[in-house]
Amino acid sequence: MRRSAETTLYRFHDLSLEVRQEGPATGLCLFSLLHDLSFVKLHKGKEETSLCLSIRMSDQVVNFPGAAWEVFRMDGLCGREQGSDFYLTEGTSVLHLQVLKGEGEATLASSFFQQPPLLQQHFWGFGLLKLLRPVGLYGLHAAGVVSPTGLGLLVVGESGCGKSTLAIQLIREGWCYLSDDTVLLRLQPEGVESLAFRKPFSISTNKNTEYAELPLGGENNPHPPGKKKRRVDIQDVYPEQYVTGCVPQMVIFPRIIPELQSTLHPIGRLSALGRLLSQSGPQLFDKMTMPHHLKVLNRLVSHCQIFELRAGLDLYREPGTFGRLVSEAKGRVHVPDCD
Numbered sequence: 013m014r015r016s017a018e019t020t021l022y023r024f025h026d027l028s029l030e031v032r033q034e035g036p037a038t039g040l041c042l043f044s045l046l047h048d049l050s051f052v053k054l055h056k057g058k059e060e061t062s063l064c065l066s067i068r069m070s071d072q073v074v075n076f077p078g079a080a081w082e083v084f085r086m087d088g089l090c091g092r093e094q095g096s097d098f099y100l101t102e103g104t105s106v107l108h109l110q111v112l113k114g115e116g117e118a119t120l121a122s123s124f125f126q127q128p129p130l131l132q133q134h135f136w137g138f139g140l141l142k143l144l145r146p147v148g149l150y151g152l153h154a155a156g157v158v159s160p161t162g163l164g165l166l167v168v169g170e171s172g173c174g175k176s177t178l179a180i181q182l183i184r185e186g187w188c189y190l191s192d193d194t195v196l197l198r199l200q201p202e203g204v205e206s207l208a209f210r211k212p213f214s215i216s217t218n219k220n221t222e223y224a225e226l227p228l229g230g231e232n233n234p235h236p237p238g239k240k241k242r243r244v245d246i247q248d249v250y251p252e253q254y255v256t257g258c259v260p261q262m263v264i265f266p267r268i269i270p271e272l273q274s275t276l277h278p279i280g281r282l283s284a285l286g287r288l289l290s291q292s293g294p295q296l297f298d299k300m301t302m303p304h305h306l307k308v309l310n311r312l313v314s315h316c317q318i319f320e321l322r323a324g325l326d327l328y329r330e331p332g333t334f335g336r337l338v339s340e341a342k343g344r345v346h347v348p349d350c351d
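Residue numbers for the sequence shown follow my numbering, so the first one is 13 and each next one is one higher.
Fair warning: there could be bad hints in the mix.
Within a straight-line C-alpha distance of at most 20 Å, the following computed DMTMM-like cross-link-like pairs (lysine to aspartate or glutamate) qualify [as the list claims (entries may be wrong)]:
| no. | residue 1 | residue 2 |
| --- | --- | --- |
| 1 | K240 | E271 |
| 2 | K113 | E93 |
| 3 | K53 | E225 |
Across the chosen pairs, the derived CB separations fall in these ranges [to be verified]:
| no. | residue 1 | residue 2 | range |
| --- | --- | --- | --- |
| 4 | P331 | E252 | 45 to 51 Å |
| 5 | E202 | G88 | 37 to 43 Å |
| 6 | L130 | G95 | 29 to 35 Å |
| 7 | F125 | S283 | 39 to 45 Å |
| 8 | V83 | Q273 | 42 to 48 Å |
| 9 | E185 | V259 | 18 to 24 Å |
| 10 | E202 | G332 | 41 to 47 Å |
| 11 | H47 | S70 | 22 to 28 Å |
| 12 | E202 | V52 | 19 to 25 Å |
| 13 | L130 | D71 | 31 to 37 Å |
| 14 | R184 | V52 | 23 to 29 Å |
| 15 | G88 | A224 | 32 to 38 Å |
Derived from the structure by calculation, the hints contain no laboratory data. Bear in mind that the values here come from a model prediction, so they are computed numbers and not experimental data. Where a beta carbon is used, it is the ideal one built from N, C-alpha and C, also for glycine.
Could you build the full structure based on these sequences and the hints that come with them?
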């Protein structure tokens, strides 16, 4: 890798990340994203690094190796793979990841900084998640919360299923929180641990009046029509309830239904495993890391109570409904593996 003019060190739990860049402006979007993803900037010193990203500028066309085959194309990004090497591009710039070495080199065209901010974030975010997989950290699209009695809960689902709404309801009742959108899973001796990843919350712009106590930021980067969201720095209001991790004992998959009353229904492990995989970033999957990833998810479903939340109108009209349902479900016997 080329040696960059400036080096910045970050820590994420027990991992460290070194970022090398040619100039102060080249990594601005990445640095902002790292802050939002729970990476803590370190003072320079003798720090043994786990992962490394370097950034250089070049307007020359960067070609993929001929043997690199396309594994996905979506949301403005294209990924190619050759052995343990991975290449990510948004059309003008390339991020080359040597995942076994824990290294990545980004070759950025000057036009990269004119790309939509959301696309730039996806470019860096995908690269980070890809680098974390070989060290046993796997992303999950989920809100993570912990009850006052220590019950770890993951609310898993795609955007728009109500994860943020449910998490905020529980936070108001005194629950601690990891994230409203993304956590990382890793296998520990005591079980599967969920780690806080994305810190800012996002709420729908049409629900502003329901969150009067929260510091609403500007609208997030472009979303599909009718799905605009605003950033919420939740730690400004509930700083003492933030936790960096937990061992989940319950997993809930919410599904909004046109009914008055909400209910929790146990689901089988096979169904739960399929749903977890669909919310784990399938574009990130590869032959090298999938066996251990599946081991983590299987351990999770084997040691957690698992429910589908059929979310009715009472969840939004009657504060405390979700917390009550979770409390009532806590003592239920785990269902057998059938669907």
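Against the structure, the hints:
1. K240 - E271: violated (25 Å)
2. K113 - E93: This hinted pair holds, its Cα atoms lying about 15 Å apart.
3. K53 - E225: Distance ~29 Å between K53 and E225 Cα, so the pair is violated.
4. P331 - E252: 45 to 51 Å: violated (21 Å)
5. E202 - G88: 37 to 43 Å: holds (40 Å)
6. L130 - G95: 29 to 35 Å: Because 30 Å falls inside the window, the suggested range holds.
7. F125 - S283: 39 to 45 Å: With Cβ atoms ~44 Å apart, the hint holds.
8. V83 - Q273: 42 to 48 Å: holds (44 Å)
9. E185 - V259: 18 to 24 Å: holds (21 Å)
10. E202 - G332: 41 to 47 Å: violated (31 Å)
11. H47 - S70: 22 to 28 Å: The hint (22 to 28 Å, Cβ to Cβ) holds, given that H47 and S70 are roughly 26 Å apart.
12. E202 - V52: 19 to 25 Å: Since the Cβ atoms of E202 and V52 sit about 24 Å apart, the hinted range of 19 to 25 Å holds.
13. L130 - D71: 31 to 37 Å: violated (23 Å)
14. R184 - V52: 23 to 29 Å: holds (27 Å)
15. G88 - A224: 32 to 38 Å: holds (35 Å)
Violated hints for the displayed structure, listed by number in ascending order: 1, 3, 4, 10, 13.
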